[in-house]
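Please arrange chain B on chain A, whose structure you already have, making use of the hints.
Listed below, chain by chain, are the residues.
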Amino acid sequence: AQRVTQPEKLLSVFKGAPVELKCNYSYSGSPELFWYVQYSRQRLQLLLRHISRESIKGFTADLNKGETSFHLKKPFAQEEDSAMYYCALSPSGGYQKVTFGTGTKLQVIP
Amino acid sequence: EAGVTQFPSHSVIEKGQTVTLRCDPISGHDNLYWYRRVMGKEIKFLLHFVKESKQDESGMPNNRFLAERTGGTYSTLKVQPAELEDSGVYFCASSQDNGRDEAFFGQGTRLTVV
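These protein sequences, in sequence, are chains A and B.
Position 9 (the first sequence) corresponds to 9 in this note's numbering; numbering is contiguous.
Position 37 (the second sequence) corresponds to 37 in this note's numbering; numbering is contiguous.
None of these hints come from the bench; they were simulated from the model.
Bear in mind that the values here come from a model prediction, so they are computed numbers and not experimental data.
Incorrect hints may appear among the rest.
Below 25 Å or equal to it, Euclidean Cα-Cα: the simulated PhoX-like pairs (lysine-lysine) are [said to hold, decoys possible]: (1) A:K9 <-> A:K65; (2) A:K22 <-> A:K65; (3) A:K57 <-> A:K9; (4) A:K65 <-> B:K78; (5) A:K105 <-> B:K44; (6) B:K51 <-> B:K78; (7) B:K54 <-> A:K9; (8) B:K41 <-> A:K105; (9) A:K73 <-> A:K57; (10) B:K54 <-> B:K78; (11) A:K9 <-> B:K44; (12) A:K73 <-> B:K15; (13) A:K105 <-> A:K57; (14) A:K73 <-> A:K9; (15) B:K51 <-> A:K22; (16) B:K44 <-> A:K22; (17) B:K78 <-> B:K15; (18) A:K105 <-> A:K15; (19) A:K9 <-> A:K105; (20) B:K15 <-> B:K41; (21) B:K44 <-> B:K78.
So these bits of chain B aren't anywhere near chain A, every CB distance computed over 12 Å [to be verified]: (22) T18; (23) R22; (24) G28; (25) L46; (26) L47; (27) L66; (28) T76; (29) V89; (30) D101.
Some chain A residues judged to face chain B by a derived CB distance under 10 Å, without partners named [said to hold, decoys possible]: (31) Q6; (32) P7; (33) R43; (34) L44; (35) G103; (36) K105.
For each residue, glycine too, the CB sits at the ideal point set by N, CA and C.
So here's chain A without its partners, still in its complex pose (with noise of 0.2 Å):
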């Protein structure tokens, strides 16, 4: 079975400090990896997937797959980072079936 796990309810740093939100994740085979984000009063929206590799709003992401992890890091935190942040596994390299971590809530402190 999957699971993802998210060690950290509450993460605080200060503006400007660099921010790394943890998630492991276990699962037998080669599972996509995705971080959404959902800001106060809006929808869950996907952040970023592991596959396109990209740099979303300064967060960049690696799959470690020896540590099985997918931790989200971004080097200078602004405030506006401040939300729920959930790391997610598809097993089908899909949107099918995601699987969700619990969450950890990012607050950035001006």
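Relative to the frame of chain A, chain B by itself:
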């Protein structure tokens, strides 16, 4: 273009009552997904429609939950009878043809069973 729309945004019902949640996907999106987040837990997959057919309903918790998508447009999720543990936020998402396109989420329906 309108996004995924869910109705109602909030619902408070008594245990034993019936509630029907509705999801209007983005026009032209054949794939429609239901998820839910119960208090303090992760967002969990419930089921996936391709047009009007149930592609995968392995996440449906029990037979008190019934999802339909007649005509392959909007979908409803009925809970009958509702139990306290059904409280949570129910999300709907839709994507275009082949499921590999990005899935866009609705704003969710917060269901409270008292």
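Against the structure, the hints come out as follows:
Distance check on the hinted pair: K9 (chain A) and K65 (chain A) sit about 23 Å apart at the alpha-carbon level, within 25 Å; holds. For the proposed pair K22 (chain A) and K65 (chain A), the alpha carbon gap of about 14 Å is at most 25 Å, so the pair holds. With a C-alpha separation of about 22 Å, the suggested pairing of K57 (chain A) with K9 (chain A) holds against the 25 Å cut-off. With a C-alpha separation of about 40 Å, the suggested pair K65 (chain A) and K78 (chain B) falls outside the 25 Å cut-off, and the hint is violated.
Annotation: proposed proximity of K105 (chain A) to K44 (chain B) holds, straight-line Cα distance about 18 Å (limit 25 Å). A threshold of 25 Å between alpha carbons decides the hint, and for K51 (chain B) with K78 (chain B) the separation of about 18 Å falls inside it, so the pair holds. Annotation: proposed proximity of K54 (chain B) to K9 (chain A) is violated, straight-line Cα distance about 34 Å (limit 25 Å). With a C-alpha separation of about 14 Å, the suggested pairing of K41 (chain B) with K105 (chain A) holds against the 25 Å cut-off.
Using a Cα cut-off of 25 Å, the hinted pair K73 (chain A) and K57 (chain A) holds, with the two alpha carbons roughly 11 Å apart. Restraint check for K54 (chain B) and K78 (chain B): satisfied, since their Cα atoms lie roughly 15 Å apart, inside the 25 Å limit. Pair hint K9 (chain A) plus K44 (chain B) holds up; C-alpha atoms about 17 Å apart against a cutoff of 25 Å. Only pairs whose Cα atoms come within 25 Å are accepted, and K73 (chain A) paired with K15 (chain B) is rejected, the gap being roughly 43 Å.
A hinted pair counts as satisfied when its Cα atoms are at most 25 Å apart, and K105 (chain A) with K57 (chain A) qualifies at roughly 17 Å. Between K73 (chain A) and K9 (chain A) the alpha-carbon distance is near 16 Å, which keeps this suggested pair within the 25 Å criterion. In summary, the hint linking K51 (chain B) to K22 (chain A) is not supported, as the alpha carbons are separated by about 36 Å, beyond the 25 Å threshold. Distance check on the hinted pair: K44 (chain B) and K22 (chain A) sit about 19 Å apart at the alpha-carbon level, within 25 Å; holds.
Annotation: proposed proximity of K78 (chain B) to K15 (chain B) holds, straight-line Cα distance about 14 Å (limit 25 Å). Distance check on the hinted pair: K105 (chain A) and K15 (chain A) sit about 15 Å apart at the alpha-carbon level, within 25 Å; holds. For the proposed pair K9 (chain A) and K105 (chain A), the alpha carbon gap of about 6 Å is at most 25 Å, so the pair holds. For the hint pairing K15 (chain B) with K41 (chain B), the CA-to-CA distance comes to about 21 Å; that is within 25 Å, so the pair holds.
For the proposed pair K44 (chain B) and K78 (chain B), the alpha carbon gap of about 17 Å is at most 25 Å, so the pair holds. Annotated as non-interface, T18 (chain B) keeps its C-beta farther than 12 Å from every C-beta of chain A; the closest such distance is 27 Å. With a least beta-carbon separation of about 16 Å from chain A, R22 (chain B) lies farther than 12 Å from that chain, consistent with its non-interface assignment. With a least CB separation of 16 Å from chain A, G28 (chain B) remains clear of the 12 Å interface cut-off, as annotated.
A beta-carbon of chain A is positioned within 12 Å of the beta-carbon of L46 (chain B); the least distance is around 10 Å. Consistency note on L47 (chain B): stated as away from chain A, yet its beta-carbon is not over 12 Å from all of that chain's, at 9 Å minimum. A cut-off of 12 Å between C-beta atoms confirms that L66 (chain B) is not in contact with chain A; the least separation is 19 Å. Once the 12 Å rule is applied to beta carbons, T76 (chain B) is consistent with being away from chain A; the minimum gap is 20 Å.
Some Cβ of chain A comes within 12 Å of the Cβ of V89 (chain B); the nearest lies about 10 Å off, and the non-interface call is violated. Residue placement check: D101 (chain B) does not keep its beta carbon more than 12 Å from all beta carbons of chain A (closest about 7 Å). Hint on Q6 (chain A) holds. Least Cβ distance to chain B is approximately 9 Å, under the 10 Å limit. Hint status for P7 (chain A) relative to chain B: violated, with the closest Cβ pair at about 13 Å, above 10 Å.
With its C-beta approaching chain B no nearer than about 5 Å, R43 (chain A) sits inside the 10 Å limit, and its interface hint holds. Hint status for L44 (chain A): holds, given a least beta-carbon distance of 4 Å to chain B, under 10 Å. The restraint placing G103 (chain A) at the interface with chain B holds, with a minimum CB-CB distance near 7 Å, inside the 10 Å limit. About 13 Å separates the beta-carbon of K105 (chain A) from the nearest beta-carbon of chain B, more than 10 Å, and the hint is not met.
In terms of the numbered hints stated before, the structure departs from hints 4, 7, 12, 15, 25, 26, 29, 30, 32 and 36, listed from lowest to highest.
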